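Since each chain sits alone in its own frame, please combine them into the complex, following the hints.
Protein chains in written order, with our numbering: chain Z, 1 to 435; chain P, 1001 to 1451.
The reader is advised that the hints may include incorrect statements.
[Claimed, not checked] Cβ-Cβ distance ranges computed for the label pairs, FRET-style: (1) Z/ASP388 to P/GLN1233: 55 to 61 Å; (2) Z/PRO27 to P/GLU1447: 53 to 59 Å; (3) P/GLU1447 to Z/VAL419: 44 to 50 Å; (4) P/PRO1275 to Z/PHE170: 38 to 44 Å; (5) Z/ARG343 to P/ARG1100: 29 to 35 Å; (6) P/ALA1061 to Z/ASN120: 54 to 60 Å; (7) P/PRO1134 to Z/ASP203: 55 to 61 Å; (8) Z/GLU11 to P/ASP1229: 49 to 55 Å.
If you are wondering where the hints come from, they were derived from the structure by calculation, not from laboratory data.
A quick note: this is a predicted structure, and the numbers were derived from the prediction, not measured.
Backbone N, C-alpha and C define an ideal beta-carbon position, used for all residues, glycine too.
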Amino acid sequence: MTSSTFTLPLERYRLDNGLRVVLSRDPTAPVVAVYLIYGVGARSEEFGRSGFAHLFEHMMFQGSCHAPKGLHFQIVEANGGYLNGSTHPDYTDYFEVLPSNKLPVALWLEADRMRGLVINEENLANQKEAVKEERRLRLDNQPYVTAIVDLWPRLLFRNWTNYHSLIGSFEDLDAATVDDVARFFKTYYAPNNAVLVLAGDFDLEESKRLIEAYFHDIEPQPAPPRPSTTEPEPDGERSAVYEDPHARIPALILGFPGPPRRCPDYYALGVLDVILTAGASARFQQNLVKGRRSVIQYEANLGWPFASASDYIDPGAYSIFLLHHPSFRTREVLDHVMEELGRIQDDGPSREELERARSFLRAEHVKQLESNIGRAQLLGRHELLDGDAGLVNTELERFLEVTAEQIQSAAQRRLDPAVRAVLEIAPGRREGDES
Amino acid sequence: MTPRLDRTRPPVTPPLQIHRLPAVDEFRLSNGLTLLLVDDGRFPLTHLRLGFHAGARFDPAPLAGLSELTAQLLKEGTETRSARRFAEEVASIGGTLEARSTPDFLIVSGSALSEHTATLLELLADMTRQACFPEEEVELRKQNRLQELAHERSLPDVVASERLCRLVFGDHPYARLLPEAASIRRIGRDELVAFRSSLLRPQNAVLVLVGPLGDRDRLVNTIESHFGDWQPQATPEPAFAEFPEPARSVVLVDRKDSVQFDISAGRRTVNRTHPDYFPLLVANTVLGSGASSRLFRILREQMGFGYDVHSRLEPRRESALFSAGTQVRPEVVAAALEALLDQLRSLAEEPVCAEELETAHNFLTGTFAISLETPGALAGQLLSRKLNGLPDDYLDTFVPRVRAVSASQVRAAAQRYFDPESLAIVLVGDASRLAGQLDVVGPLTIEQVAP
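Same shape as in the complex, but just chain P (with noise of 0.2 Å):
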């Protein structure tokens, strides 16, 4: 028998749930290292998150790509492992350690099969406080770098971002994306291991695992037996910089070949501890995230100019990038670019209907729920909160704050931080491609791609 229902309109289903977390177990050791561990019995691997703070922020301004370089070169010769004993080691327990710099943060990742934690523990540590960037690898990793950042800058998109951060962030470490390679030319294994052994220390670093722990006394001892005699030594602040004050530019960067223009339109914000976060979080879901949002829908379904067209709000410690950007044909450059704007000037003119605010607080609130899915993505977000430094309820209070923004403060917000007079605007593509559409873009500086 089939049963009847309304196959004519959409299915009424109950309101979301409230996703509650795993319990996390967080504690010290003596030595200060952070220590948060969910014991996830779901799958047969552990995942691990190992983050300092030692980002991008805390290299010395003529030495740009420490942070990574280190990053990139932990597991490439230790005081007790060969670069290729290192790597066979963990390829035979089924792992993986990856590390990268961030803006704010040096985070190693990691996984094993868990009957192998042990082991996985055991090169963790290995890797961060034994690591003695051998020579050869030193030269290799420079030598591949240079070549890397060059292929990086060859993509539109990368081009766009960097320009975007530089004019944004000015002075101040947040403005570099990437470091240039005459910076990566000047260091050498002195400044990595004085970077490493200066910063990778344990009260400044916070531990997260998350997978089948068993026993927690047998999982503490054997942490301790890795991590707890590793000292604790005052680590250094970032160099202060101020942020400069959002303004109004327009900066053409000249891509020859380009068959497309990319369009980024962005400012300094406010990061996740700022009274204003969740306003802004729903006023950029309304306008640019996702498939319902007004840009999408307005400019590539109703308008047809490009295929993404987003807005999204990178948070980082001590600020956020917002951005809004869109690729299109040349022709249609000057009219994408102005009804871009027109849309974050109508989210400060009129407030969202009550149905659009709801699609944003559902959307952002359901997904948050996905992406708490897997043991790799819990540990990802435990680590970010607590480098953070937010709130120990920060996940678990995150759907009731977005379902708190309202109409009013999702205006404010844009009002606040969508004036399209405070945003700097980058366009990636050929000169020769835009004739004629320069005089409605207003004054702007013409730059040449770095060759």
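Just chain Z, same shape as in the assembly (with noise of 0.2 Å):
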């Protein structure tokens, strides 16, 4: 077997109510992930409810039909193993990882909560002050988090469903209410907007038999509406500085309008993001770390922040995340990093560097599938964003398939200086500080 052989089994089917069911059976590790994906994520908000969809997902774990609040919790790890959920910007994914004779569990909850939630004032102000310390943990309290998630999607987007905050203001939070917990759940948590995967060592037809039984008779509701995702045309550069406080180190955000998911730009600047970041021998490893010595550390991905290249929905944006050496002014910074682009534009890549870059996507094509939570993740949001889980085999040949003809072209029409947004985050002056 060598990474162009390996290929994950799959069976897809629709029960009658329109769940989709996507199982990958591997029997060589006594675990088993069930993995349940919706079509609701922050940009299914109305104005005025930022957050709610992240929100909706903490009140997912606060009781169900016939599992009062805690329990869900407590069976899961009562049953050695773990679960979580988290919210994207087109989708809301749950999941528990379990010792493979356990499954039954994992679908008696996910059925449960599918089937109707505990929705309650108690549980709803209770989930609104652990959603306020979250937001307050990984955001407020934080050097660089405020200004990527609150104030980058603003200078990358002009359309509100698409720039407004995932974790939302304490203002919208504290507006949302029991009524429009329940509206939301009706709409959204439906079988039929949803994908199940297993994945793991399970029995198939026992499996079959179970998912059957636990899900096919939770009515389906009319596909739920999607509010207008379209953003005009780009009318130039966008540009915007942050001062924030809790940041030592300057920073930069950079990014440019994402082409559209799964077209040939879109592979190729998958292919382009490996060459200028994956790895020590990456073009600004090489060039902007070490050669002009400006650049600490970075990160970048089509979708960044909160999504990757594999799940996001367009529109999207290439975004380039550096923290920068304070001997250098960032507009410098951003000089060296255009730079690097044009001679991109101006000359491609290398052919080594390419084939470096392949080797690096069978790699990591294969380390994502090690773990059986891992392969749900990639199969359920395939079936969902895609319609089809089978891409799991196929999609990472259409990146091997780029050309360096095909970056360079890439490069050129996607990473316009013209329409660039660009956020500089200054550390805060504090006490002490000279003047």
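Below, the structure written as structure tokens:
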């Protein structure tokens, strides 16, 4: 077996109520991952309800038809597993990873909460507080994160649906009512708006019987509305400077409107990102951290910061975040980065660089699939977002086919300085600093 | 036809299975290098770990940070390859090779497409045996490390952990979570070369390989060809240092503009070879590991104090750091701290009920099996077992040893290790927002975040 012949087995079908099911069996480790992904995310939110999809994700752990508050966590852990959920712009997902003979526990829990939730004032008030502490912990008390989460999308996008805060404002969180929660549940958490994935060690026939028994009679709902995510044509560069009270090191974020998902430029930019940023031989490491000695650390991706190349729905963006040495002005560092992008636009990547990028992509693909939860996530996201979990076995090839010429021309088209977004993050002044 | 089943209650499932580990082929080369090989053909990737007894506790006192700088610079130029060429060769085999330093060990982790396992081993040998620390790479790494340290110390959880370690471990090297800038400035090429050549030696190392390893003789020959002529040499012991006795102290670190207080309480406990370790592990799980633990259920889900409320046990070779903590809004600091200490007390006062104990047993043993699922994770567990001097059957007996812990042992462990009077307490937040709550906390020292 080599990386090019490594494939996942998979079976796809649909229950009568519209629930899509993907099964990928591998009995070599006694572990099973159960993954449910719903077609709802921050981009489903209405104006004035920023953060609602995420607050709702919390409510999914507050009790359901037959599993009172606390039981969800307790029963998964008491059966030797762990669980979590996460909210993204275009989807919300939940998983349990369990020793394989505990599979029915996860199916029971997921079906029970798809059937109905316990939604009351007390639980909602408690989770509003938990989310506020989560916001303080992850954003407001950290360097860079507020700029990344709340400000950066405003420079990239013009449409509120695309740029509003995923974790939401305290004001919007406070405004959420029990009725909002109930309505959101009915609209979006229906079987026909979800994909269920099992990956790992399980019996195929037995699992199908259980899935049917637990999920078959949950009522489908009309297809949920999708707010328009259309962006106007970019009308020039957008830039801003943010003084960050917690940051000690200056940072820069640079971004460009992304190509439509799975179009030729999408694959080309995916490979270009590897050439620029993956591993110690990448251009940013060799030319900016070393050559220029201006950049300290960086990360970049299609979809960054809330999604990855494999899981954004349009519109996306290609963004680069860099911490740089304070002896350089942020605008100088911006010039250094633009110069690197310009070199790709002028000359394309070398043959050796492209070969290395392909080896990297082959290895990364396998790494992503080594754990059962990693497989389940990728399968579920392809099924929900692309309508075909089978892409897990074919998508790598599309990246490997990309040529140097395609990378160069995609860079010329997509990394256009005229429509870039630039956010400079300056360390805030504090007592004792020299003025 | 749809089968009938009672959907109103949780399904009954069989008890957890005992997880069998794959066969581990363990032996030594004649120069003392310990090898652990697991032939795992599931994926076309080979994972490796090479660990040395050369972690931060081996840093000479004025040169804290020497171990981590050595680790970071191993692949930045060797006797035979420039940093750039090394990076390109690693990338061309779909590889990664990263070294890091922990309090006890220096560990190189890597992987590559399995058809290139021999090249991966050649590169691994080159970086660990022939790293030459070119001046300009050393200077750049030092410069950037100073900036990274400033960044890390702007993170409230790092400030809290760093201060807690100092209180708990006193003059022992475990007290240093991060090196001071002045110490990094003192380190030069000579010190790096000396550290590598004295500590990165075969009899001081463990190499673990997990993946589709192919023919054993051919693999062992390849390993011999890259590591066989590596000369053993007596390695220095870390400087001896006493641990201080656990004692109550309270430190408030004033971090201006904080919108939350980070609360941490902790102390030194025992390492994994101590008879109290498993009872302590179960007690910690009941207290604060996972979402069915007491701290999560009570402080977060009932009282709504924090988003993250946890306790953890971080084992080191000679000890373990126990800590419990949360991050809360300023107005509830005293209340949250009191609630946290109450939970510690109550575990010492009353025995846990059978259901809670079983949940902890199952959570620990089930997630243990899950933690061995991937080849890389298995390699990490095997390396840790060997470097920490744990018994050969440690991973195989982990499950029964957890299951053997009784409610009275949990209580005894809590009495011995969770006594609030023995805990160092660190609060990180904006002191000006703590008005009126200080007296509840008791006598405390106030410090400023280092600029």
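For each hint, the structure was consulted:
Evaluation of the 55 to 61 Å hint for Z/ASP388 and P/GLN1233 yields a pass: the beta carbon distance comes to about 58 Å. For Z/PRO27 and P/GLU1447, the Cβ-Cβ distance of about 55 Å falls inside the hinted range of 53 to 59 Å, so the restraint holds. For the pair P/GLU1447 and Z/VAL419, the supplied restraint of 44 to 50 Å holds, since their beta-carbon distance comes to about 48 Å. The hinted range of 38 to 44 Å is not satisfied by P/PRO1275 and Z/PHE170, whose Cβ atoms lie roughly 50 Å apart.
Restraint check, Z/ARG343 to P/ARG1100: a C-beta distance of roughly 32 Å satisfies the suggested window 29 to 35 Å. The supplied range of 54 to 60 Å is met by P/ALA1061 and Z/ASN120, whose beta-carbon atoms lie about 59 Å from each other. Here the CB-CB span from P/PRO1134 to Z/ASP203 is close to 58 Å, well matched to the stated 55 to 61 Å. For Z/GLU11 paired with P/ASP1229, a C-beta distance near 53 Å keeps the hint of 49 to 55 Å intact.
In summary, the one numbered hint that this structure violates is 4.
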